[in-house]
Amino acid sequence: MNGSNQEDTHRTIERVARESYGRLVAYLSANTRDVASAEDALSNALVAALTAWPRDGVPQNPEAWLLTTARHSFIDHVRHRQVAEASEPTLKLLREDSMEMTLSAEFPDERLKLLFVCAHPAIDPAMHTPLMLQTVLGLDAARIAHAFLTSPTTMGQRLVRAKTKIRDGGIQFEIPQERELPQRLDAVLEAIYAAFGLGWDDMAGVDQRGRDLAEEAIWLGRVLLELMPKEAEVRGLLALMLHCEARRRARRGPDGRYIPLLAQDSQQWSQPLIEEAERNLAEASSRGRAGRFQLEAAIQSVHAERARSGRTEWAAIMLFYDQLVRIAPTLGTRTGYAAAVGEARGPEAGLAVLHGTDPDDVSGYQPYWAVRAHLLQRLGKTSEAAEAFDRAIGLAEDPAVREFLLQRRG
Amino acid sequence: MQFALLIYHLPEEFAMRKNDYSDPHLGAWRAYYKALVEAGVYVGANALEVPETGTTVRLREGKRRVQDGPFADTKEQLAGFIILELPSVDAALEWAARCPGASIGAVEVRPLAPEAMRRGFTG
Numbered sequence: 001m002n003g004s005n006q007e008d009t010h011r012t013i014e015r016v017a018r019e020s021y022g023r024l025v026a027y028l029s030a031n032t033r034d035v036a037s038a039e040d041a042l043s044n045a046l047v048a049a050l051t052a053w054p055r056d057g058v059p060q061n062p063e064a065w066l067l068t069t070a071r072h073s074f075i076d077h078v079r080h081r082q083v084a085e086a087s088e089p090t091l092k093l094l095r096e097d098s099m100e101m102t103l104s105a106e107f108p109d110e111r112l113k114l115l116f117v118c119a120h121p122a123i124d125p126a127m128h129t130p131l132m133l134q135t136v137l138g139l140d141a142a143r144i145a146h147a148f149l150t151s152p153t154t155m156g157q158r159l160v161r162a163k164t165k166i167r168d169g170g171i172q173f174e175i176p177q178e179r180e181l182p183q184r185l186d187a188v189l190e191a192i193y194a195a196f197g198l199g200w201d202d203m204a205g206v207d208q209r210g211r212d213l214a215e216e217a218i219w220l221g222r223v224l225l226e227l228m229p230k231e232a233e234v235r236g237l238l239a240l241m242l243h244c245e246a247r248r249r250a251r252r253g254p255d256g257r258y259i260p261l262l263a264q265d266s267q268q269w270s271q272p273l274i275e276e277a278e279r280n281l282a283e284a285s286s287r288g289r290a291g292r293f294q295l296e297a298a299i300q301s302v303h304a305e306r307a308r309s310g311r312t313e314w315a316a317i318m319l320f321y322d323q324l325v326r327i328a329p330t331l332g333t334r335t336g337y338a339a340a341v342g343e344a345r346g347p348e349a350g351l352a353v354l355h356g357t358d359p360d361d362v363s364g365y366q367p368y369w370a371v372r373a374h375l376l377q378r379l380g381k382t383s384e385a386a387e388a389f390d391r392a393i394g395l396a397e398d399p400a401v402r403e404f405l406l407q408r409r410g
Numbered sequence: 001m002q003f004a005l006l007i008y009h010l011p012e013e014f015a016m017r018k019n020d021y022s023d024p025h026l027g028a029w030r031a032y033y034k035a036l037v038e039a040g041v042y043v044g045a046n047a048l049e050v051p052e053t054g055t056t057v058r059l060r061e062g063k064r065r066v067q068d069g070p071f072a073d074t075k076e077q078l079a080g081f082i083i084l085e086l087p088s089v090d091a092a093l094e095w096a097a098r099c100p101g102a103s104i105g106a107v108e109v110r111p112l113a114p115e116a117m118r119r120g121f122t123g
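Residue numbers (the working numbering), protein chains in the order written: chain A, 1 to 410; chain B, 1 to 123.
One or more of the hints may lead you astray.
[Said to hold, decoys possible] Restraint-style ranges between C-beta atoms, simulated for each label pair:
#1 A:Gln271 / B:Leu112: 40 to 46 Å
#2 B:Pro111 / A:Ala328: 45 to 51 Å
#3 A:Glu63 / B:Glu108: 40 to 46 Å
#4 A:Arg408 / B:Pro111: 34 to 40 Å
#5 A:Gln177 / B:Leu112: 49 to 55 Å
#6 B:Ala15 / A:Arg11: 30 to 36 Å
#7 A:Arg11 / B:Glu108: 37 to 43 Å
#8 A:Arg18 / B:Leu112: 42 to 48 Å
#9 A:Arg311 / B:Leu112: 50 to 56 Å
#10 A:Arg311 / B:Arg110: 50 to 56 Å
#11 B:Ala15 / A:Arg378: 37 to 43 Å
#12 B:Leu112 / A:Arg179: 47 to 53 Å
#13 A:Asn5 / B:Glu85: 43 to 49 Å
Honestly, the hints are just simulated from the structure, not real lab data. This structure is a prediction, so every number in the text was calculated from the model and none was measured. Yeah, the Cβ is synthetic: ideal placement off N, Cα and C, and Gly gets one too.
All chains should be modelled from the sequences, with the hints used to inform the complete structure.
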């Protein structure tokens, strides 16, 4: 086989791995709850594919090939690991599975169950997103560690612990009952949005690593929408992420300079992404159940409107924020609300909103200080503004943002 | 729990500092220091002179060995340190990421030795 064919085969393996990873892990672990072994089995199958496919050609149904190979590896593994333990139940489950499945057969998509398992209330909330990134998308621990600002070893250990808990802690692979669905779904949405936020904060447009993580989150959002097309908040989250993603290019100048939203050239925003966001948001609101992500998407939608009208409707943004802080009174939404009030009603009104926050909560929260500095500066309170700028600069991680604030501070 | 943030710079960064001490990152460092103090995590810090000013001493078989320059022969050299009081290594990594030194060179986060051991040194 010649080089370019081999390259094609490798690309096929990469593509199948990316598209099928979560489906295969979810399916392999749905009965045994043993996510770690399912992942090991799948990575063995992927290694086997790297030898077999370039030699024998890509199988007609690559996913089924991987599943069969992974299943063999899984059974071997369980047999070895559990010699002393009572391995019979797991093996029986696996064998029953194989009987149902033939090589060409479709297998059920269990990814939704896997997503709910990753964001299960019994799992440490800090691990929801890392688990999803690993088990559904197949990202390795080192890359997840970068995004979470953790050492790769520590992240690896935390992931192993979380998976052990899934296996041994009686966490069921199931879609939650209607009664608890909203809360459970919220945890899934939060985890996906956290992944997007990490990619977004991470020097968007400059850092390849950052861009990828935001894309992975949008991918997860699309998977979730495919699985739950009727949930308004799922569409709301996707719309929110797409609106932000649409502005990626406009966030930096050609020299890497940070450009805040209001100073961005709206002609650089991606219209196709904005349109896709708008379609999802419209579809979501037609279902008549408002929620946090729809409101956040609505705020971004008002900003996006500037590309057409040339101006920003701050009054509308303020109203959406007003609803948002009622249902999600977080430090982030409150700070956003203060900024919107500052634009719609003037800096004093904006500062009054900030006054309501607990000083202990904000000591490490950079956006609070940036908004506060901006509002004080508009009031001409130069020395107080400089204090707030210093805090915002000192808490900033992105050198471009730091530089921008230093210049604003004067 | 106390952590040291060990700040490493590239030669270019030292070169800039050597000229007239008008560090282009001075504003960022000052703001970072204020944020540390305001957050109540600051214990102490100091900057070091450029590596060429260092002299390294060893005693081998009773003989003194004195060498010009810093101990480690590497491109990135220790430029300063900050000691912080923090609840966890996660918090230390977060502050390290905000440190202007992280975008200029690199910042190593290292826990201080347990207090009992440190007390053993000072008696």
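ask   = Looking back at the numbered hints, which does the structure fail to meet, lowest number first?
value = Numbers 1, 2, 6, 13, in rising order.
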